[in-house]
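Undergrad: Listed in order, the protein sequences are those of chains A and B.
With my numbering as the guide, the letters of the first sequence map in order to residues 3 to 147.
With my numbering as the guide, the letters of the second sequence map in order to residues 106 to 325.
What the hints contain is simulated information worked out from the structure, not anything from laboratory work.
Careful: at least some of the hints might be erroneous.
To be verified - Dumping the calculated BS3-like pairs for lysine-lysine here, alpha-carbon to alpha-carbon at most 25 Å:
#	chain 1	residue 1	chain 2	residue 2
1	B	Lys314	B	Lys269
2	B	Lys200	A	Lys90
3	B	Lys269	B	Lys324
4	B	Lys262	B	Lys314
5	B	Lys324	A	Lys90
6	B	Lys269	B	Lys200
Just so we're clear, the structure is a prediction, and the values are computed from it rather than from any experiment.
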Amino acid sequence: MKAIVVGCGRVGSAVAKKLTKSGWDVTAIDENEEALARLGEHWTGGFVVGHGMDVNVLREAGIEEADAVVVATNGDNTNIVVGQVAQKRFGIECTVVRILDPARAELYATLGLRTVCPTSAAIEVLSDVVKSCVVKPARAPAAAS
Amino acid sequence: MFILVAGGGKVGSNLARALRRMGHEVTIAEQRRERFVQLEDEFEHAAILGDATEIFVLERAGIARPPDLVVAVTGDDEDNMVICQMARERYGAEKVIARVNDPRNEPHFDLLGISPTVSATQTIMALIEHEVPEHELIHLLELRKENLEIVEVQIDKSSPSAGKRVSGLNLPTGSRLISVMREGRAEIPDADTELQPGDQVLAILEPGKEDELRRVLLKK
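All chains, please: the whole structure from these sequences, using the hints.
TA: And the structure:
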């Protein structure tokens with residue numbers, strides 16, 4: 003199974019490594035050559051330097067034979083467009099897009115894009131953890147006068 | 106009309122000014138604070154500070170009404186695409202116009218159905234094509250939605266169509282000659298019109314028929 007990961011930052015590189023461990027053939031794309039270092043010394047997958055909006059870069063990474071595409075650059079709108087290009091132009095059904103803005107993530111989910119919003123996840127988790135704390139009132143309530 | 110302009114750079118601000126002068130109601134969204142301060146001097150409450158791909162910014166700019174026209178002219182193609190998509194899909198804005206900064210992104214705008222688009226590079230290229238005679242078939246207008254285009258052809262002595270009547274041309278299906286300009290006068294050709302060297306011919310055709318049309322009118 004072949005996967006393309008667009009954006010090799012903290013998230014993209016970790017996803018690329020994780021998928022490789024599970025037996026996927028992964029090619030990462032990043033504008034910045036130095037991003038290759040994030041994949042570690044023993045990286046055996048592919049790496050293409052370029053912008054995900056560039057169809058030639060996507061082709062060079064092998065998008066035409068890909069089974070899955072993960073889009074996780076640091077720009078929400080870039081991710082939204084690249085995700086739609088992978089899905090609509092290259093017909094990759096399993097296209098997953100990271101969108102930080104919950105509003106846009108929700109909207110594009112209704113438009114048929116598989117979106118993942120870490121911000122919404124963080125909001126849920128943070129408020130759940132607070133709710134699960136056993137909180138003692140810091141001060142005794144003021145006595146009724 | 107109520108028009109929302111996303112992007113307050115040179116293009117956006119000049120556009121907003123011209124539209125206001127024409128009597129339209131305009132809001133203009135700009136995310137760079139420095140630039141916004143200048144816009145605010147001129148447009149007052151109609152200038153909105155913020156990233157127009159953020160829904161709350163769009164809403165402050167009046168997207169929910171929705172505008173009669175949304176013009177996305179930021180310097181970032183992804184932003185322009187997302188603004189147009191959100192305006193249309195979420196708020197039901199019927200008309201959008203997007204600026205293409207990098208002509209290589211044009212296919213992405215097409216893919217997402219964002220039309221019409223305006224690209225300075227493309228416009229200048231079209232003008233150059235018009236000026237440079239070696240280009241045999243000049244694209245004058247593309248009607249993307251209608252899937253038609255209008256081209257201009259110059260007939261010369263060596264053209265196989267010179268001296269022939271329109272009815273004898275064997276024009277490709279899906280194409281039609283709409284005007285023949287001769288000695289500064291344009292006329293609408295019919296089947297009996299004879300083409301002559303020096304004629305400037307306008308044709309309307311389906312994209313993809315250019316080569317066939319070129320063969321019939323010009324040369325192999």
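Undergrad: Decide, hint by hint, whether the structure agrees.
TA: Status of each hint after checking the structure:
For the hint linking Lys314 of chain B to Lys269 of chain B, the alpha-carbon distance of about 20 Å falls within 25 Å, and the restraint holds. At roughly 23 Å between alpha-carbon atoms, Lys200 of chain B and Lys90 of chain A fall within 25 Å of each other, so this suggested pair holds. Note on Lys269 of chain B and Lys324 of chain B: the hinted pairing holds, with a Cα-Cα distance of about 14 Å set against a maximum of 25 Å. Pair hint Lys262 of chain B plus Lys314 of chain B holds up; C-alpha atoms about 23 Å apart against a cutoff of 25 Å.
In summary, the hint linking Lys324 of chain B to Lys90 of chain A is not supported, as the alpha carbons are separated by about 38 Å, beyond the 25 Å threshold. Of the supplied pair hints, the one linking Lys269 of chain B and Lys200 of chain B is violated, its CA atoms being roughly 44 Å apart against a limit of 25 Å.
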